[in-house]
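The residues making up each chain are set out below.
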Amino acid sequence: MSDNNDGTIDYASKHIRFGWWALLVFLTLGFILEMMHGFKVRFYLDVANETRRLMWTLAHAHGTLLSVIHIVFGLCLHAQAGMARGKLPLVSSSLVGASILLPGGFFLGGVMFYSGDPGLGILVLPIGAVLLGIAVFFIARSTATPSQ
Amino acid sequence: MRSVVQWSRRQLGSFPVLLLLTASSVLGIAALTTQPRATPEIEISNRPIQVPDDGFVSSTTCKTCHPNEYATWSGSYHRTMTQVATPDTVQANFDDVTVSEASGRAMHLERRGTEFWAEFDDPGWEGPSTDRPRIMRQVVMITGSHHQQIYWYATGHDRSLNILPGVFLLDDRRWVSRSAVLLHPPDQSVATFNGHWNAICVACHTTAPKTKFDTPFRSEAISQQAVDTTAAEFGIACEACHGPGEEHVRANRNPVRRYLNHITGKEDGLMIQPALLDPQASSQVCGQCHSVWEFYELEDERIANSEGFPYRPGDELTDTRFVAQPMGAPNSATLRTFVEQDPDFVRGSFWSDGMVRVSGREYNGLIDSPCFRDATEPQETLSCFSCHTMHKSPLDSRPIETWANTHQVSSNREGNEACLQCHETMTPNLSQHTNHQVDSAGSACYNCHMPYTSYGLLKAIRSHTVSSPSVDESITTGRPNACNLCHLDKTLAWTGEALNSWYGQQPPTLNEDETLVAASLLWMLKGDAGIRALTAWSLGWKPAQETSGTSWMVPHLSELLNDPYEAVRYIAYRSLRSLPSYAEFDYDYLAQQSERVEKVVPILQAWRASVVASQRQEAELLIDANGNLQTDVMRRLFDLRDNRRLFLRE
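Chains as they are written, first to last, in my numbering: chain S, 1 to 148; chain X, 1 to 650.
Source of the hints: derived by calculation from the structure; they are not laboratory data.
Hints should not be assumed to be uniformly reliable.
[What the hints assert, rightly or not] Take a look, some chain S residues computed to stay more than 12 Å from chain X by CB distance: (1) ARG17; (2) ALA48; (3) ILE69; (4) ALA81; (5) GLY86; (6) LEU132; (7) PHE138; (8) ALA140.
[What the hints assert, rightly or not] With the C-beta cut set under 10 Å, the calculated list includes, among others, these residues of chain X facing chain S: (9) THR60; (10) GLU69; (11) ARG253; (12) PRO255; (13) TYR259; (14) HIS262; (15) SER393; (16) LEU395.
[Stated by the list, open to error] Sample of chain S residues with no beta-carbon within 10 Å of chain X, all distances over it, derived: (17) ILE9; (18) GLY30; (19) VAL47; (20) LEU58; (21) LEU120; (22) SER142.
We put the beta carbon where it would ideally sit given N, CA and C, even for glycine.
Please take these sequences and the hints and turn them into a complete structure.
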C-alpha cells in the first residue's frame with residue numbers, strides 16, 4: 001500500500017473515480033447502440049452508414065476498455081508504491097486525455113463521414129493515441145524500476 | 001528440497017497455460033487446413049476465368065471504400081448476370097433429376113459434391129440423329145438470376161462453353177427447352193455452338209472481357225481454335241461503368257489526397273462518374289450493352305476478341321461501334337451493309353418505322369426520343385439517369401431488392417415526376433392534357449408515351465422511345481398504340497376519333513375491320529407473332545383489365561393457347577390465369593397440340609355457359625347478341641394473319 005506523500009493516493013482515487021464514471025458513459029453508449037440494433041435504426045444500421053456503425057462501435061469498445069484501464073491503474077497505484085513516480089501528473093493527464101480523444105475521435109468520425117472514410121473528427125484520434133502511448137510507456141517503465 | 005517443490009509448483013502452475021496454448025494452436029491449424037480451399041481462378045482450366053488486368057481491380061477492391069455503392073450494386077441483377085455455378089448460385093434442382101422438357105432426349109442432372117453435372121444428347125454430333133451419342137458434362141457457369149437461368153457446360157475444349165439444352169424458368173420453377181424462351185419461328189431451331197458464351201455472351205455479361213481466340217474469330221471452326229477467355233469480373237461490375245480503377249485506388253491510398261477531395265468537394269478525376277457526364281456520354285455508358293450494335297469491320301471484332309473491347313466509359317461509343325438507328329438514320333450505308341449481310345438485322349429488333357421492339361436495347365429507343373434527340377440544353381436532355389440509378393440512394397427507403405425489381409428506377413421517378421421534372425407546366429393541368437382523371441392509369445405519362453410495345457423475356461416491356469400514341473402507327477407498322485393497349489375493347493376508329501377531338505390528330509383512313517372490330521382482336525388474329533405476344537400480355541395487364549373489363553377475354557386468349565409460337569402461348573396462358581376463376585387453370589404451353597386443344601375446349605364451353613359470357617355481347621368483341629363467338633369473322637381475320645417468320649433478337 002502506497003502512502004500519499006506524493007499525492008499517489010489522490011491520483012489513484014481520481015483514476016478509479018474517472019474510470020467508473022467513464023465506464024458508465026461508455027456502457028450507456030453500448031446500450032444505445034444495442035437499442036439501435038433492436039429497433040433496426042437505419043441511421044446506424046443501413047449499409048450506407050456502415051462507416052458510422054464501425055466508428056461508433058470502436059468508440060464504445062475503446063471507451064470501455066480505457067475506462068477499465070483507469071480503474072486498474074488506480075488500483076495499481078494503491079497497491080504498488082512508486083508507480084510512474086515522478087511522471088504521475090504527465091501519465092495521469094495523458095491517460096485522461098487519451099480516454100477522451102480516442103473514443104471521442106471515433107465517435108465524431110462517425111457523426112459525419114465520407115462514404116468509406118470517417119469524418120474530420122477522426123483527426124483528434126491520433127493525438128489520443130500518442131497520449132495513450134506516452135502514459136503506457138511511463139507506466140511500463142516504472143514497473144521495470146525496483147520500487148523504493 | 002524446498003527449491004525443487006517451488007520449481008515443481010511453478011511448472012505445474014504454467015502447465016494449464018501451456019496446455020491451453022497448445023490446444024488453441026492445434027484447433028486453429030485444424031480449422032485452417034480442413035476448410036475447403038477455393039480454387040484460385042488462374043488454376044481453373046475448363047471455363048473462362050476472372051483476371052483483373054489492364055488496370056481493372058474488381059469490385060471487391062471498390063467495396064472497401066464505397067460500401068453503400070457496393071451493396072446496392074451487389075443487390076442488383078447486373079451483378080448476377082453471369083455467375084460461376086455453385087450451390088449458392090444454381091437455383092434449379094440437380095439432385096438426380098431427369099428433365100424431359102429439354103431439347104432432344106431427356107436430360108439427367110446430378111450433383112457431385114459442390115459440382116453440377118448433366119447428361120444429354122451431344123449437340124455437336126453430325127451423324128444420323130438416331131445415333132446421336134449422350135455426353136456427360138460439368139455445368140460451370142450461369143447466365144441470369146431474375147427471370148431464368150441459362151446453364152453453360154464446359155465443353156472440354158479449352159475454356160469454351162456451350163449451353164445446356166434446357167433453361168430453368170425461375171417464376172415457374174420448371175425446365176423448358178432453350179427455344180421455348182425465345183420468340184422464334186416454330187420450325188426453326190435455335191442455334192447453339194461450341195464457344196457460344198465465349199464468342200457472344202461475354203461481350204455484355206462480363207466486365208472487360210477478352211474472348212482470346214488464338215486465331216481470328218470466324219476464321220476457322222472454333223473447335224480448331226485455342227480459347228483462353230477471360231474477364232476482369234463476371235457480371236456487370238463497377239468498372240464496366242466507371243472504367244478501370246487501378247490508378248484511382250493507388251492514388252487514394254494517400255489519406256491527405258482523399259480528405260482534400262472530401263473537404264473541397266473536388267472530383268477525383270481518375271474515375272468516370274457516368275451520372276456527371278453529359279447526357280449523351282452518360283447514356284452511352286448504358287448503351288455499350290443496351291443497344292443493337294455491331295463492330296464496323298470484322299477486323300475490329302477480331303482485335304476486340306484478342307485484346308479486349310476498346311470502349312471505355314466516357315469515350316464516344318460510336319467511335320468504335322456502329323449503333324443501329326433505322327429510325328433516325330435509315331439510309332446509313334453501314335446499316336445497309338449489315339442488312340445485306342443479314343436480311344433480318346433490322347426486322348429482328350425494330351418495328352418497320354425503325355423503333356426498337358426488343359428488350360435490353362433501350363439505348364436505341366432513347367436516342368430516337370425527342371426528349372433526347374431534340375434537346376438543346378444538357379439539363380433538359382433525357383438520359384438513362386433521368387429515371388434510373390445504378391446505386392440506390394441512402395435516402396431511398398425501399399429495400400434493395402424492391403429497388404432492383406423496378407429496373408433500378410430512382411425513388412422519386414416511379415410516377416409522373418420523371419417527366420414532370422422537365423414538363424413542369426403540365427403539373428397543374430395534367431387532366432386537361434391527358435383527358436383522363438388525374439389519378440388514373442390514363443394520366444400516367446409512361447402509359448401513353450412509353451407503352452408496352454417492346455418484347456423480351458416472355459413478356460412485354462415498356463418502349464424506351466418516348467412517343468405520342470397514334471392510330472397511324474398501328475396502321476403503318478402494326479405496332480399496338482398506347483390507347484388500345486389499355487382500351488383493348490375499343491376499335492381503332494374509336495381511338496382515332498378521340499385523338500382527333502383531343503389533340504387534333506388527322507383522322508386515319510381505316511378499313512371496315514379497323515372500324516368495327518376491337519383493335520386488340522385484330523392484333524391477336526392478324527398480327528405477327530410479336531404483336532400477338534404484346535397484345536396477349538396486355539390482356540393480363542391490370543390497368544387494361546380494369547379499363548376494358550375481362551369477361552370477353554377468355555375465348556380470345558384461349559385461341560392463343562394454340563398459337564404456333566411457344567412464347568405467345570406462354571404469355572396467353574399467364575394472362576388467362578390472371579382472369580377471375582382461371583388462376584388454377586392447368587395447361588402446358590409446351591404440350592403437343594392435341595393435348596393443348598383438349599385443354600382449351602372445356603375452357604371455351606365453360607365460358608360459354610357462364611354468366612360472364614353474356615356480359616359483353618358486342619360485335620366489336622366478335623360476340624353476337626346471343627353470346628356466340630363470330631367465328632366466321634374470326635376465321636376471315638385469321639386468314640389475313642401476318643405469318644412471316646419472326647425471330648425477335650432480345
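How the hints compare with the structure:
no. : hint   : in the structure
1   : ARG17  : 34 Å, holds
2   : ALA48  : 3 Å, violated
3   : ILE69  : 23 Å, holds
4   : ALA81  : 26 Å, holds
5   : GLY86  : 34 Å, holds
6   : LEU132 : 21 Å, holds
7   : PHE138 : 29 Å, holds
8   : ALA140 : 22 Å, holds
9   : THR60  : 13 Å, violated
10  : GLU69  : 8 Å, holds
11  : ARG253 : 12 Å, violated
12  : PRO255 : 8 Å, holds
13  : TYR259 : 7 Å, holds
14  : HIS262 : 4 Å, holds
15  : SER393 : 8 Å, holds
16  : LEU395 : 9 Å, holds
17  : ILE9   : 33 Å, holds
18  : GLY30  : 23 Å, holds
19  : VAL47  : 4 Å, violated
20  : LEU58  : 16 Å, holds
21  : LEU120 : 7 Å, violated
22  : SER142 : 26 Å, holds
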